[in-house]
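Here is what each chain is made of, one letter per residue.
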Amino acid sequence: MEKIKLGNFEELVLLLVGVLYDQAYSVNIVQEYQKQTGKKINISAIHTVLYRLEEKGFLESKMSDSTSTRGGKRKRLFYLTPYASKALDELATLREQLRFQIPKQALTWNKG
Amino acid sequence: MSQHQKPPPRLALQFFRWYCRHDRLEELEGDLEECYYLRLAEGKPQWNANAFFWWNVIRCFRKYSRSNSKSRFNMTSLFKSYFKLALRHSWKNKGSVAINVFGLGLALSMCIFVYTLYAFNIEFDSFYTETEDIYRIHAVTERSGEQVRNEFSPLALDYRLREDISGIDQVSSYLARNLKVKKGNDFFTQIVSIVSSDFPEMFDMPLWYGSFNDFGKLPTVYLTKPIATKYFGTKVALGEVLTLYLSDSVKIEATVGGVFENIPLNSSFGFEVLMSLEDYVRALDVDANDQSTEHFIGHYLKLNAAQKERVTADINQTIPRQNESNKLLKIERYELIPFAAGMPTDLTEGVSYVTRRLRGAPLIIFTTLAVIVFLTACFNLANTAIALIARRLKEIGVRKTLGSGSRQVLIQFLMETGLISLLAFIVAMATANLTSKAIMGLFGAAFLLQDVNLTGVIIFVVVFLLFTTLVAGLLPALYAWKFQPVAIMRKSVKLKGVNLLNRILTVAQYSFSIVVLIIGITFWQNSEFLDELNLGYTTDGVINLRVSNQYFEELRHEVDQIPGVLTAGAANHIGNFGMYSSKIQFQLLSDTMTHSLRFHAVGENYLEVMEVELNSGRGFIEGADSDQDKILVSQSLVDEFFNGEEVLNQVVKINGERKTIVGVTVDIIDDVVRAAQLLPTVIGLTEQKNYAHLVVKAKGRDLDEVEAQLKAIWSEHVDEPYEGVRQKHFAFGSLGRDSKAIQKIFLVMAVLSGFLSIAGIFSLAKINVAKRIKEISIRKVLGASVKELIVTVNRSFMLMLMLAMILGGAAGYLISDQVLGLIYKYHATPSVPVSLLCGAFVAVLSIFIISKVVQIPLRSNLVEGLRDD
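Protein chains in written order, with this note's numbering: chain A, 13 to 124; chain B, 493 to 1361.
With the rest of the complex left out, here is chain A (with noise of 0.2 Å):
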């Protein structure tokens, strides 16, 4: 398997973008955020983190077209390019993979 550089919160972005098909961007994605796990964030935190995967490649983007809600200003929609899909897969299978390994007893904690 090829080296995925994608930190923790970063696959988390990723994923929410990709619930979020087609309504993803950054204010969207803050309330998903906080809805799904229940912990607040700032939207500085998801620019960033939006920017640098788009670098990365993970994410690509376009204008939307202009709405009424924002005063007319135009937001930015992400979307999981192949190369995010593949990581995302990827990063779950090996994920199952391990969790399946673990054998049961160590799951229960073991008081002697």
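Don't read these hints as lab results, they were simulated from the structure.
From a predicted model like this one, the values you see are computed outputs, not experimental measurements.
All C-beta atoms, glycine included, are put in the ideal place defined by N, C-alpha and C.
There are no misleading hints in this set.
Once the Cα atoms are required to be at most 30 Å apart in a straight line, the calculated DSBU-like pairs of lysine-lysine come out as:
hint, chain 1, residue 1, chain 2, residue 2
1, B, 555, A, 98
2, A, 68, B, 555
3, B, 974, B, 1263
4, A, 51, B, 555
5, B, 498, A, 85
Derived, one-sided and incomplete: chain B residues facing chain A with beta-carbon distance under 8 Å:
hint, residue
6, 518
7, 519
8, 522
9, 526
10, 527
11, 548
12, 551
13, 554
Chain A is already provided as a structure; the job is to place chain B on it using the hints.
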């Protein structure tokens, strides 16, 4: 939704638009606004949404949003070129830049030194943690009709505090004495703190090594790091044995129980060796519960603030019993003072064993000095900068024509001053420790940069430098700013080379340096004055040996063998701030009132050896037993009790015994510094069995040599450490030496500020000549002589110097008189002619220098001057 709601804060938005890169502005601004409106939609108040927007704008100031376009590159390159220009110009004017850098640097290091003095006070006792509930006990007593605050209380109170008074969590006691410590065969005199065994715990004294386990149980001593190193080098001191001499006859052998971490100078408890009060009391055989003892110690209490009133009242209830049994000291009341608070200034300070915050004269003197020197340096910087601009008018004009904004010109000039300040900063930091060593070293221990919180120093210096840059740099920068390029190019700008501002600055600067010079010279005169002050007895070549009576005879016999030496014995020797004198009750026969007066019991030829001068009558006759009931009195006693009438052969009562006055001595001054008035003194004869001092006079001989011989004889006959003291050091205490130190400091400062002033006027004169080069040349062509030209061109300078001379002379006279009065009881008066002479000296020197400047163009080819540019 946005139509009905208030838009986000405009300023924040502007800020965001300013820093955000253009290609991302739309989306990011949209995001931020959306967040803002969402916030409002959640029902949050307007201020909350505004704050949130601001917060987001600040948070978004990151790499992804900041523009990295060309404009930023331009900014840096612009600053780079400003910097380069500043460097080039500074290099061109190396001379004046160097003067400014060193002047300002030294002035700043002086300021840093003063700052460390204040930091000494501010950080005082910060070494001890958790002192909020600790209180000092102060005893208010009366001394000659005045209430005095002492940080001590009788030893017997210790028992009361521990046993009788409730509500006190912890009690500890502290006492400091200069004791002789013997290690092997060597004697050292050290400051020994004697503390109760709970003291280390109460103040959380950190040990470097060792423990307090045996403290108070077995005789143990604790050393500070420097003392441990002095005694034992790198060896571990634990278990070593030292002998402490508690009095002439009592000594105690103690084992070293540990070594303290370094204890900073600015803490209440400053000591070198620590021993326990229990050992001390046991060794001296003092009854700790005896109210009549003369042992007084400092007491420290730990208690809840709510209990303070009640405990104070309880302690005060012990006073009647205490005063009844102790005749030595009457206590009026006790007060509890919070440990961390400074000493209250309501009453005169009496006795205490602890170190105090710095106060009074040294702080005032050094602050004044630092401010004066700093202002001189600043003025000089501003002055030279303005003068230098004159040469760069064209540069400013060209730059402005080429499109440089006024703001950029301003920045350029500020940058140049900033560069000088930066270099001065380096000089200041490098020399700060040297300065404080040079100044404080003369007085003893120096408090250095590493002893204070360095962050504070750095902040102080940076703020100071920003201030300097703004004050000294803004003037010339504004000056450059307002020029109109067209006017410059047309040459219609009249740079008023020496305008009013320059004049004021120069006059102020000169006055300051004259003031400093006068103070320096006055202190010089004062130390001469102190040297020659008639104390009523001789100090020249006199050495005083305190000696136990049992060795006296033997010792005197041996010392008499040294050629050229005279000896005498005394029970109460003169000198050392009157510490050796005793008190007697003096009573006139016609009066029932007795007066407590100072008394000196002396041996037969003591008066001759000490050269005590007589106003009338005679001294004691050698070998005459009849003189036992005769006394001498001082002139001030005659003035006070006899209204100046004839006193010889009058009979008075001394301690109830009748004595005849046979002579009147001049007044004896044994405390130059603090004596508030002349003290009436009685001198009487005493027998050899009472002698406690051997006075040795070796006039005209090398004292070092005599002292070496004395030491040799001493070690042969006496089983105690040698403690001879030269009389000269007595009456002046440390202040005689201090006077010399202060004089040195002021003279150095005078040279420094005078140098700065002259450098300043030099550049002013230069610019003045440059400006008037055509006028000078034309005058010369028309036949004016060099002398006439010098006078014409420099008339304004001369006026300024005259003004500075008068101002500085007057201020110097007044200030030095004030400063001397602050420190000394007896001091020289500053003289008016000397003040004027100082001013005149500086003025003449400056006139000489500026006339040299004028001569340069006069001697050169006139055609050059007329052609100009």
